[in-house]
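Undergrad: Each chain is listed here by its residues.
There are 2 protein chains.
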Amino acid sequence: MDLAKSFTGKKVMITGGLGFIGSTLAYRLVEYGAKVVLVDSLIPEYGGNLFNIHGLEDKLTVNIADVRDQSGMDYLVQGHDYIFNLAGTLSHTDSMKDPFTDLQINCVAQLSILESCRKYNPKVKILFAGTRGQYGKADYLPVDEKHLMHPTDVNGINNMAGEWYHILYNNVYGIRSCSLRLTNTFGPRHQMKHHRQGIINWFIRQLLDGQKVKIFGAGTQIRDTNFVDDVVEAMLLAMASEKTNGEVYNLGGTPLSLKELVEKMVKTYGQGEYEIVSYPQEAQRIEIGDYVANWEKFKRVTGWEPKVSIEEGLAKTFEYYSKNKNNYW
Amino acid sequence: MDLAKSFTGKKVMITGGLGFIGSTLAYRLVEYGAKVVLVDSLIPEYGGNLFNIHGLEDKLTVNIADVRDQSGMDYLVQGHDYIFNLAGTLSHTDSMKDPFTDLQINCVAQLSILESCRKYNPKVKILFAGTRGQYGKADYLPVDEKHLMHPTDVNGINNMAGEWYHILYNNVYGIRSCSLRLTNTFGPRHQMKHHRQGIINWFIRQLLDGQKVKIFGAGTQIRDTNFVDDVVEAMLLAMASEKTNGEVYNLGGTPLSLKELVEKMVKTYGQGEYEIVSYPQEAQRIEIGDYVANWEKFKRVTGWEPKVSIEEGLAKTFEYYSKNKNNYW
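Sequences listed follow chains A and B, in order.
Residue numbers in the first sequence follow the working numbering, run continuously in steps of one, and reach 329 at the last position.
Residue numbers in the second sequence follow the working numbering, run continuously in steps of one, and reach 329 at the last position.
Please note: incorrect hints may appear among the correct ones.
Treat identical chains as interchangeable: a pair holds within one or across any two.
[To be verified] With a straight-line cut-off of 27 Å between C-alpha atoms, the simulated DSS-like cross-links for lysine-lysine are:
#, residue 1, residue 2
1, LYS123, LYS316
2, LYS97, LYS123
3, LYS299, LYS323
4, LYS214, LYS299
5, LYS97, LYS119
Hints were generated in silico from the structure; no laboratory data involved.
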């Protein structure tokens, strides 16, 4: 598929556009000559960071707004060909401590964006960023899209509903949409202030800070990993294809135990140590065990495969933060 | 299981307690000597009706409140041994017209009740009333609990989330809970003012009004039916057993095409006619096709089986409304 052709001159909105994946996507879309609007609320502790679009400032539009603001969204959705709907909370533990905020952002706001589209832009196509957290503890590995959803935290439940509103609006109102269920994504532009939105980047920070990496449990729990560029590629492919309408897909790439992952990091960075520590209770009780994604369905439809090896991805990530530490620490 | 023994002297709250199933449950609980509090908001067009507890007024407590009122619920949940959490919207079409109200009642309020219990009554057991609408169009029949949930309307999505909050709070916080996924339940005490909360009772009203029953589509679509007393029995059994904690179960009983169902009604009532009319668009696009429940899992654990035949159930329903028409029309 010729992605440049699909997006050149197209009007594209990205919610959560100043965040990790949203901003990385913005670079690609600007490169393709799309007219890009980033919507982000810059809530402290979430992922938004103006430095994420360093160098792009004059090539796109930034609109600071909260996806929970329904009348704002009624206006903002208008005129776009595509909406990458990436705004959402990501923290498993935060969602347990403050379940209502998680619900407002991942359910109410999602429904609200869809209602805005139904009223003011029914021709748009929307991509929703789902999560492997929707599955909860795996009944079998690798997990395919036929696996039951039985989330182990509030965030997983709200994403399950948020995703399904999209599929429903596709099926009932013909507002084309699809969902990618993301696994552990890492790379440049991820927030680095706390560990609650992604453990891989947090390990990297600990190493860059010269601290011992703390791995909870035995370190044997498996996570499936994707470098951010591969996820962005998947999103562009999913958006550009009409075959994805109304469908949900897993992404995945390199499954590794946390211990193996940190060992690779230490090797890449050239130094560092880790230690195995016991789970804090709040993490233990929502722990999902091993997760490996089956992403054959998505590959079949779009031809997508992750291209960046874990070593290459880690090297790029270390390089980025070594250089830009002061904008993320 | 000796249900009387399980509930005698127990403190029991029923949300949606003035509604169809809640009030029918109240009669049983009062008979068993439970101390019953009914919470209901009496929202017009929903199912609450003070006549539903005719004869019980001095034997239980009625508290008019909305489950969306978080501080009210913080107080109301206290001290109960059991909460039958039946408050919720039921209308597929209403949920499409006003998705936010449906979300507030079926998601936000459910989470809020669970948070109230976590803070003020973690020893309680809660039963959630789920729905076959969570499954959407069946991939196979009969539908068991391993069937994927892919709802065809907003109500189904919100119930899917609302149910799963309960299971999550069981698993994470030890607040015992279970869910019964109800199918088409009919019988006395159902609201009779409109068709949007249950087609079976609406057919009965049309016959009692001497009107031709209007069946959408070809009349061949299959629905699984339960008489309300069997559903109440199931709820009592599910609540009284510790084996149901953290589990979800289908209910079901007599699957029938709508045409067969109406023919049985005409036979029971002794008169009446029906006609096949085409679907209104709003119903067509969320129509689920045939549904038959597999309820073996629940039978295995509790021994439950529906006892009331469709003929007997219909006869009781006609008799009730013939006598009490003025309180429901």
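Undergrad: If a hint holds in the structure, say so; if it does not, say that too.
TA: How the hints compare with the structure:
1. LYS123 - LYS316: Result: close neither inside a copy nor across copies, 38 Å intra and 51 Å inter.
2. LYS97 - LYS123: For LYS97 and LYS123, the Cα distance is within 27 Å only across copies (20 Å; inside one copy 38 Å).
3. LYS299 - LYS323: neither (34 Å within a copy, 63 Å between copies)
4. LYS214 - LYS299: Intra 35 Å, inter 47 Å, cutoff 27 Å: neither.
5. LYS97 - LYS119: For LYS97 and LYS119, only the inter-copy Cα distance (12 Å) is at most 27 Å; the intra-copy one is 34 Å.
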